[in-house]
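Chemist: Start from the sequences and build out the full structure, keeping to the hints where you can.
Protein chains in written order, with the working numbering: chain A, 3 to 341; chain B, -2 to 503; chain C, 58 to 379; chain D, 9 to 327.
FYI, nobody ran anything at the bench for these hints, they're computed from the structure. Misleading hints may appear alongside valid ones.
DSSO-like mimics (lysine-lysine), calculated; alpha carbons at most 30 Å apart, straight line [to be verified]:
(1) D/K177 / D/K201
(2) D/K305 / D/K92
(3) C/K368 / A/K213
(4) A/K221 / C/K368
(5) B/K72 / A/K221
(6) B/K189 / B/K29
(7) B/K258 / B/K232
(8) A/K213 / B/K118
(9) D/K231 / A/K157
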Amino acid sequence: MNDLLRKLRPERLRELVLLLLILVVLIFFSTVIEYYLNARLFNRVSTSVAIMGVLAIGQTLVILTRNIDLSVGSMVGFTAYFVGQHLSQNNEITPLVAIFMAIGIGALMGSFNGFLVAFCRIPAIIVTLGTMALYRTLLVEYSDAQTVLTVNLPKWLLDLPRVNVLSYERLNLRLMVAGMFVVVILFQLILRNTSFGRKLYAVGSNPEAAKNSGFPNQKIIFTAFVLCGALAGLTGFMFLARFGNITVVAGSGLELKSVAAAVVGGVNIFGGSGSIFGAVLGAVMIDLLENSLIRWLQISEFWRDAMLGMLILTSVATDSVIMKHFRNYRLKKTSHTNS
Amino acid sequence: MTLKTSNQPVLEVLNTSKRFDMTQALEDVSLKMYPGEIHALVGENGAGKSTLIKILTGLQQADQGELRLSGTPVKISNSQEAQAYGIAAIYQEPLLFPDLDVAENIFISHRDQGFFVRWDKMYKEAENILNDLGVRIDVQNSASGLTLAAQQAVEIAKAISLDVRVLIMDEPTASLSDHEVKQLFRTAKQLKQEKNVALLFISHRLEEVFEIADRITVLRDGKHISTRPISTVTKESLVREMVGREVNQFYATRKTREDGKRICSVKNLSKVSTFSNISFELHEGEILGFAGLVGSRRTDVGMAMFGINPADSGSIELEDKIVKINSPQTAKKLGIAYMTEDRHQLGLAMPMSVTSNITLPSLSRYLSRFGLIKREKEKKTANEFKNRLQIKTPSLEQEVGKLSGGNQQKVMFSKWLNTQPKIIILDEPTRGIDVGAKAEVHSMIQELAENGLSIICISSDLPEVLAMSDRILIMREGRQMGILASREATQESVMSLAMGQKMGLS
Amino acid sequence: MSIVLNKLKSWEGFLSLILISVILVNSLNSESFLSIDNQVNLFELSIEKIIVALIMVFIILNAEIDLSVASMMGLSACTLGLLVESGIPMIPALGLCLVIGAMGGAFNGYWITVFKLPSLVVTLAMLIGFRGLARVLVEDRSIRVFPSWFESLGQQPILGPIPLSIIIFLGLLILALIILQFTGFGRYVYIIGINQNVALYSGINVSRVKLILFTASGFISALAGILFAARLGAVRGDMGLSFELDIITMVLLGGVSIFGGSGSIYGVILSILIVLYLRNGMSLSNITGHVQTGVIGVLLILSVLIPNLKKMIQDFWNQRLK
Amino acid sequence: KKGLRADLVLMPKFLGILVFDQANEGAKEAHSEMKNPGKLLFLGPTPENSVAGQIEILTTATTQGQDGIMISNNAGDQIAPAAKKARAKGMTVVTWDSPIPSSDGEQLFIAQVDFNETGTVMADMALNIIGPSGGEFAVLSASPDASNQNAWNAAMKEALKAPKYSKIKLVDLVYGDDQSEKSYNQALALLDKHPNLKLIMAPTTVGIAAAAKAMQDEGLCDKVKVSGLGLPAEMVSYTMNGCAPEFALWSFVDLGYLSYYATYLLATNQIEGIVGETFKAGRMGYYTIEKDPTRDKGMRVLMGPFTVYNKGNVEASAK
Ligand SMILES: Nc1ncnc2c1ncn2[C@@H]1O[C@H](COP(=O)(O)OP(=O)(O)OP(=O)(O)O)[C@@H](O)[C@H]1O
Ligand SMILES: Nc1ncnc2c1ncn2[C@@H]1O[C@H](COP(=O)(O)OP(=O)(O)OP(=O)(O)O)[C@@H](O)[C@H]1O
Ligand SMILES: [Mg+2]
Ligand SMILES: [Mg+2]
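Modeler: Encoded structure:
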């Protein structure tokens, strides 16, 4: 038992707690909404989490290094628009090329952020507040305020949101969701088991110590931003596939949502701790709340946001209270075995 | 001890100077380090020791001077390069990654770690290294909750686990107690003999210097004064060279005095999984020492009495009234002051001025009716303390972070004395303070006690506790092992209690 | 301290330089720029933001953030509209709105100090929450019920060409300056921003300071919301939507460190002037929409980049020389 | 009379929406027809900053001494004080597409269609698509703050009271904030909330396209149809594959064109802007200023009519 407790690291613990809270939310809503727990709920939430989740992962990478990227929404919008534009002009572009185009553009924008933050030593919040506006301006200028129309997009792209990898009765695992899982597992492995991943944590945990230990802080932070940009690019591609019509406001608001997902998922906003699983669970939590509130007939359109705010707050607070007790308990148990 | 000084120094510092805007920290200093030798570096606070080390590891750049590694000139511009040359250092202030676990902290800067992290191997090796050092810390716990001593231990483990040619230790023992110091020295000697490492060792505890060093270099005011083999140095001559004058660095023996009025009585103070059943009385003008090994939870008792992490059960009586202390504000109002051992993280606001730091806890006394700060009054107080404690600073507006460690300690002292407390809890009060200043601090503590202040003095420096205290409370793993009056307390009796022989309350 | 002051001086000197060039370009570009009308207008158009920016300086100096200010503005304005509509006299309604603002701020502060949740999370949630409440109150309506004296208070000048809101702003500005520079409370704000633990271990009631700040932030936001309602004469659920980013931008551009503990009101005054003049200048030259935000974004980056440039070049050469 | 000078500003709700660009095309056409030596500017705020931005642009235009402004109002009555100030400075203030609800500060509103008629048109399309057997439908609107949307929705609810609509039932009204992703999600949520839903009516070009895409992605086009106000270019594929069999719109080019004429004539004092006055708007012919029946106060010029698009005509119009 104690050994188990000892193995249960705080971040694992937090993921469990979050999972528990998600379960509570599910149970609550299934009692107040008719036909709530069905395949459709899963399909819906999983597909929209696929988009938010990938973005939240990128955001997490940056937050871990004690930075923040507020430009992700604009990056998503820009890539979605840019790739959409090219695909509508040239329907021959293959899926793989389109995806790499999206990732590449995202990475490019991310590297601009990263360069300014890491090498020019400008606080991330300032840089990304700036580029949030800048990238959106670029989008408007580039697009000349026109809309990407679904009509002009190639068929494979429009069909993409409907493609299933696995199907069980009416439960579908969509390709996009599977894609997200791949990204999640990849980055979880990188963060937990590679020395680059650990250094990402180290830099965020104590930048001064990292410098004294001779880590290339600047390169690590730069890489985090580039990866975040690349993931935002991927998100942009998924966004394009899902929504088809891309206007100049595409993706705005995603920056705060991705930060919220990461933070609800237990990623410390001051860097150094948190996990990819956590961030994705955070995205699930927020999305589930939103989706459920939309469906709750008793809640009028106008009450929804007010409820959402309160629910996010209480879930984070519950999480932090439970975590505190758990942590103390663990400390007590494990320290007894020690002495 | 044989001196096997090979003729080729592994690391040489030549004619190095460094100036900070107002202070000449180093002036034309040269130093040679030989493999298989422990070289001690001593000097007063602010003599430039830490600065020299930072230059060796590339954390700071010298204004002029040269570094030679095995005879060839090198330029070290960051610590990664220093590591590549086989130079590792433990800095005066431990700098860990609070979110990573202990084992990772030890191994993360290893260059040979490879691309993938092997967790099991890492945990096992970390445990071994810490065991060798005689420290018991759970290597899978995060480093965030560690006391300063534990942090220091982790830093040491980190440095010795690296494969190095030159190992520099800036006051590694400052917050360690005898037991751990012995282990550390054993390890250091091993490194010297088996791996032929050159060690540079800084300490203000001269006994230690004599115990371990082969050669000794004295710095004063940034200048090189002397470098001699240890056999040609005596304690008196060393102190004279460091301070530039005669100092009586032997502890003024405590005058025995009749018990004053009882100020405070603590009964069965306990905190779950931290400490239990701590009971003692404190009298007016008394100095109560707290002794124990690292991690014996003395700090936790101090913090509980100051209301930072209040105890869950037991009582504290002040002047015969039971009080409930659940926040530092209450403690401060009741006349309790607590001077933390961790001045960097908890003690001082480093970017603020000396003055602002000194008046911080008592700022309400410097406010006019509309809450405006009376700057003149503030300055006057700061100046008084500067003179009384001889704080070495170019100006009272200087950022505290730019003072040397010892002077920072004095600022922290001033800050709490200025609250005019009835009881002051000193946690490692002389940590990082040089001999001269230490004598001053000791006589200051005595004087304060004479004037009726009750003092709890937590210290890992055993001779200090023995000499200063009227009575000594000894702790082990959160339990109170006994209280000894100064006449019955000896190095041996205190140590045996601290190591685990229980005795009846005296 | 003198070194800190010197640094600040040079930062502010730099901002002043930008400001002067903006003013020069503007006045060359458009003759109406310097007219008193335009000057008053350009302040009035952003008066709510710059009032809230003053309290945001305190919050950010304290190493916290309040993202819910704009939503609170909307909430207080909507509350006012609803109260007046339901027949409650103006003066008590105003009082009630301010109380609600303070309570909303204290609510934020409660979660931050008691549950120790990061303020970013709490106020992000309430950014959604307060806005949601505002929507609940007025739904899809636009309420237009204010007595004419209230509207003219918001729209007509009362002192020469200057309307009430600008006078309130100036009053608050002076108050903020004094509190931050000369009072014990101001010192606490800085110290907590530098290192909260040091403050705690010095027996300072850190929670109380934070609670006061967030309560004040709610209160000031509500006040700004009321002024907004008076200026526009009508309230809707979307009032002040996304103002928070503009407000934070102004504070950061003014040199206040997002990590707390450093920065000054003077810098923020300059940055407010820069942003307002720049926007106004662009509007007068018919540059609107995203280009305007884009330019402000670039300015934000440049303003921090340029002072860093020297060090960057040095670093670069050091790397090269090896 | 042509050739008189008037500096005019055309202000959309915000930039980046196709229909407003079309309106700008129309206004430019009229501008060159009138040989106006003054400037015609197309200035708008960003979507995030629409309300404050519109007020700011109006105020700046006043400062600049522009002669007239055409506003597609997104700020409700909140723009009224600024509009009144502009009027006091002698500027012509005309609204188009979306009026100032109280009409304070506005001289004239160029109504694309009769707002009450919009309600009837939407109700008719709903009846058409759902069929005589009846069923449930829901409205996906833009934002709760858009006054034209609110007026249309209210008008439709009023129209639905007529006996011939008794079988079709409006079960929900939600907002997608004129954002594709939000509208998309709202459309999906409507399906979950109302399992028997037959139709989503979206009186917004962004909303209708997003809803159609959502139904197509879910493979539900047979079950749930989409209708409302949409752009042929954006909707053509959905109309052809049956997701959105029928929708309506008016010409935004014409709306811009007409707005320009009215504003230019007012600004150059060629018309006074009183009820009953008639003027000629270039190629579009004659129009009369009338009291706006859909508001308490205010005057309007009614453009009309609706074009209803279906399989028959949508491809031609999409070009
Ligand atoms: N970053 C800095 N800026 C300005 N002055 C500094 C800085 N660092 C150190 N100094 C000054 O340089 C001198 C030497 O400091 P140093 O830390 O090397 O002393 P030290 O010998 O290690 O003292 P201690 O025993 O107290 O640690 C001191 O006077 C100190 O105030
Ligand atoms: N064997 C150990 N070595 C080092 N640190 C330890 C050990 N055991 C526990 N600790 C750490 O020390 C803390 C308790 O020590 P506390 O600070 O109360 O005692 P202390 O006697 O003041 O020790 P120190 O000399 O470190 O200040 C624990 O929270 C734990 O993190
Ligand atoms: Mg030192
Ligand atoms: Mg201790």
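Chemist: Name the hints, by number, that the structure is in violation of.
Modeler: 7
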